[in-house]
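Asks: Given only the sequences and the hints, what does the whole structure look like? Please build it.
Note that the UniProt record's numbering has the sequence shown beginning at 1, numbered continuously upward.
Because the hints were derived from the structure by calculation, they are not lab data. Only a predicted model underlies this, so the values are computations on that prediction, with no experimental measurement involved. Every residue gets a Cβ at the ideal spot worked out from N, C-alpha and C, and that includes glycine. Some hints here could point you the wrong way.
Said to hold, decoys possible - Pairwise CB distance ranges (calculated):
no.: 1; residue 1: 469; residue 2: 448; range: 24 to 34 angstroms
no.: 2; residue 1: 71; residue 2: 149; range: 29 to 39 angstroms
no.: 3; residue 1: 93; residue 2: 406; range: 51 to 61 angstroms
no.: 4; residue 1: 302; residue 2: 199; range: 41 to 51 angstroms
no.: 5; residue 1: 281; residue 2: 224; range: 49 to 59 angstroms
no.: 6; residue 1: 281; residue 2: 377; range: 38 to 48 angstroms
no.: 7; residue 1: 157; residue 2: 127; range: 19 to 29 angstroms
no.: 8; residue 1: 469; residue 2: 407; range: 38 to 48 angstroms
no.: 9; residue 1: 46; residue 2: 356; range: 24 to 34 angstroms
no.: 10; residue 1: 448; residue 2: 481; range: 19 to 29 angstroms
Unchecked claim - Straight-line Cα separation of at most 35 angstroms, DSBU-like style, residue types lysine-lysine; simulated pairs:
no.: 11; residue 1: 417; residue 2: 492
no.: 12; residue 1: 228; residue 2: 242
no.: 13; residue 1: 417; residue 2: 86
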Amino acid sequence: MRKENSDFKTGFVSEAGSFIDNRDYFAYIELDDMACYVIADGIDNDQEAHSAEMIAKTILENFIERPTLSRRQLRNSLHEAHEWLKFESRRVRLKASLLVVVTNYTKMIWASSGNARLYHFRGGRVNQKSKDQSLSQVMADDGFLPDETVSQHEERRNLLNYMGNPDRFQPYLSPRIPLSDGDVILLCTSGLWEQVNLPEMLDALVESKEPDALTDTLEEILLSKQQKTINNYTAVAIYTDKTYKEPPKNRKKWIKRILIVMLALLLTGGGFWIYKVREANRMAEAAANMVEFERDGDEYAADADYTKALKSYSEARNAASKVKDRVHALLIGKKQKLARILVDGDGYLKDGIYDKAVSSYTKALDDADNWKEFDEVDIQERIDRTINYERVTEEIRLGDLKFQAQDYSGALVIYKKANTSAIEVSYTAAQKDLQEKIGKVQEKLDAVRMETVNLQGDKLEQKGDRRFDAQDYSGAIDGFMEAQEKYQSIGKLERVLAMERKIAKADEKLHPIVPASVPPIDNATLGDQGGAFPFEEVTEPMEPTPQTTTKQPATTPPTDSSQHGKDIPTGVPTDVPAEGSTSTSSSPDSKEGL
Numbered sequence: 001m002r003k004e005n006s007d008f009k010t011g012f013v014s015e016a017g018s019f020i021d022n023r024d025y026f027a028y029i030e031l032d033d034m035a036c037y038v039i040a041d042g043i044d045n046d047q048e049a050h051s052a053e054m055i056a057k058t059i060l061e062n063f064i065e066r067p068t069l070s071r072r073q074l075r076n077s078l079h080e081a082h083e084w085l086k087f088e089s090r091r092v093r094l095k096a097s098l099l100v101v102v103t104n105y106t107k108m109i110w111a112s113s114g115n116a117r118l119y120h121f122r123g124g125r126v127n128q129k130s131k132d133q134s135l136s137q138v139m140a141d142d143g144f145l146p147d148e149t150v151s152q153h154e155e156r157r158n159l160l161n162y163m164g165n166p167d168r169f170q171p172y173l174s175p176r177i178p179l180s181d182g183d184v185i186l187l188c189t190s191g192l193w194e195q196v197n198l199p200e201m202l203d204a205l206v207e208s209k210e211p212d213a214l215t216d217t218l219e220e221i222l223l224s225k226q227q228k229t230i231n232n233y234t235a236v237a238i239y240t241d242k243t244y245k246e247p248p249k250n251r252k253k254w255i256k257r258i259l260i261v262m263l264a265l266l267l268t269g270g271g272f273w274i275y276k277v278r279e280a281n282r283m284a285e286a287a288a289n290m291v292e293f294e295r296d297g298d299e300y301a302a303d304a305d306y307t308k309a310l311k312s313y314s315e316a317r318n319a320a321s322k323v324k325d326r327v328h329a330l331l332i333g334k335k336q337k338l339a340r341i342l343v344d345g346d347g348y349l350k351d352g353i354y355d356k357a358v359s360s361y362t363k364a365l366d367d368a369d370n371w372k373e374f375d376e377v378d379i380q381e382r383i384d385r386t387i388n389y390e391r392v393t394e395e396i397r398l399g400d401l402k403f404q405a406q407d408y409s410g411a412l413v414i415y416k417k418a419n420t421s422a423i424e425v426s427y428t429a430a431q432k433d434l435q436e437k438i439g440k441v442q443e444k445l446d447a448v449r450m451e452t453v454n455l456q457g458d459k460l461e462q463k464g465d466r467r468f469d470a471q472d473y474s475g476a477i478d479g480f481m482e483a484q485e486k487y488q489s490i491g492k493l494e495r496v497l498a499m500e501r502k503i504a505k506a507d508e509k510l511h512p513i514v515p516a517s518v519p520p521i522d523n524a525t526l527g528d529q530g531g532a533f534p535f536e537e538v539t540e541p542m543e544p545t546p547q548t549t550t551k552q553p554a555t556t557p558p559t560d561s562s563q564h565g566k567d568i569p570t571g572v573p574t575d576v577p578a579e580g581s582t583s584t585s586s587s588p589d590s591k592e593g594l
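Replies: So, in structure tokens, the structure goes:
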């Protein structure tokens, strides 16, 4: 019966803007005693699941089953939709901003999570306005930003709470707000309130007497800005031309309830205050720890010890969460994130994943502009060092390929070049590795050289053997000496000695040993001995030949006296010179013949 005795009008507009898919969603239901309006803004990029539609339908289904103005029931409904969204996020993280309005046509409550907004206008002015659950809104609440700049601040989309949040889910629930005749309730997503400011909304409200006229006017204002990119936008206007009038209540009944509640508070007040004192002490201790840990983290960050800085920032953030200091928790969280990026970069560098290390350091360098505790020069040096390490590692890889292909000379050249580069960039680990690689390559080269020289020596030795067999002893000696030099250079002493023996053998053939000859007979010596032969081996006296003892017949011509001097005894050696016979005296027989 409440709906029949009230007049609520609803109009809305929802468009995709510059995009093909509209991820905003609006739905509502008006029952006899209750009405529920749900507006959602999907902030994920999944093309299959529509998170805004999913949570809106879930909340409306729960409301239809149990329509109520209970804040507890509304909170449970939001938690159920939130858990379902998390369950459906197994493939991709689903998330959305949400605003729910429940009314009994006399009062209303709303619940919000994210940055979907509610404006409650009364008499041409703003009576109530929801607050975003964003970092910019927190900064405005703490006095760091003017309220009117929240809609344009760079952190307006940095949501601290939203549907599908993997961390703690804390939606905002308003108290019960009485409605009056002529009130206007405007619901909108960020696509609208980012482009249409509050004064423009008030001007449009003055000119619009119907909800459809108001939403159309707001859309015209948005499109007139002619932005290059227009996000999904949704605007819902609810005109409460007439609210339901409640019958008067029993005042005595309420007075009794109040007295009972006050008595219960008095009884429990003592324990409550004790708890409060202890809680205050814990809060003070946590606040002190937050400041101390943050200061330690800043000092470690300034010293470029990012691992310790990360640990300190984590402790500081936990302490900030305990004291429910959201601003410091967020600011410290940003420092913690920056320190984690740098620590990740160091890990990638240590593991040799240089592309990821450079990516991490570059991202950290961009974020370090806002934090004086982080030295940009140090981060840039880490980027340069990583690039140099990658270059050295690439040279080592090329050297390894040469080594595997048994191109040891090429590998040695590359390894030495890489070692020089490693020394220039102080890459100690690579230097140690390269020294081992250079040693292995040198061993391979030495082995190849020894084998080559040994083969050369063998060929020269074989050449000497062939010349020796051909009785070219001089050429053989040359070959053996050249082979000996080769063997000497590689330390093969047994082959050196073998060549020495072959050289000596060839030299014997080239220069044979001549036996001692008989000295010549001196004529003067023979004359002194009266024509006797000087050899002592002759023991028998030499007998004259028959020709020297027989007289020649008269008919025989006279013999030349010179020929008698040439008669040589038969026992005289043939190698005695003939001239010795001329020095002997004539025998009597020869004289008789004459």
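Asks: Hint by hint, note whether the structure agrees.
Replies: Do the hints match the structure? See the list:
no., hint, in the structure
1, 469 - 448: 24 to 34 angstroms, "32 angstroms, holds"
2, 71 - 149: 29 to 39 angstroms, "31 angstroms, holds"
3, 93 - 406: 51 to 61 angstroms, "53 angstroms, holds"
4, 302 - 199: 41 to 51 angstroms, "46 angstroms, holds"
5, 281 - 224: 49 to 59 angstroms, "57 angstroms, holds"
6, 281 - 377: 38 to 48 angstroms, "43 angstroms, holds"
7, 157 - 127: 19 to 29 angstroms, "27 angstroms, holds"
8, 469 - 407: 38 to 48 angstroms, "41 angstroms, holds"
9, 46 - 356: 24 to 34 angstroms, "26 angstroms, holds"
10, 448 - 481: 19 to 29 angstroms, "25 angstroms, holds"
11, 417 - 492, "34 angstroms, holds"
12, 228 - 242, "41 angstroms, violated"
13, 417 - 86, "55 angstroms, violated"
Going through the hint list in order, the structure does not satisfy hints 12 and 13.
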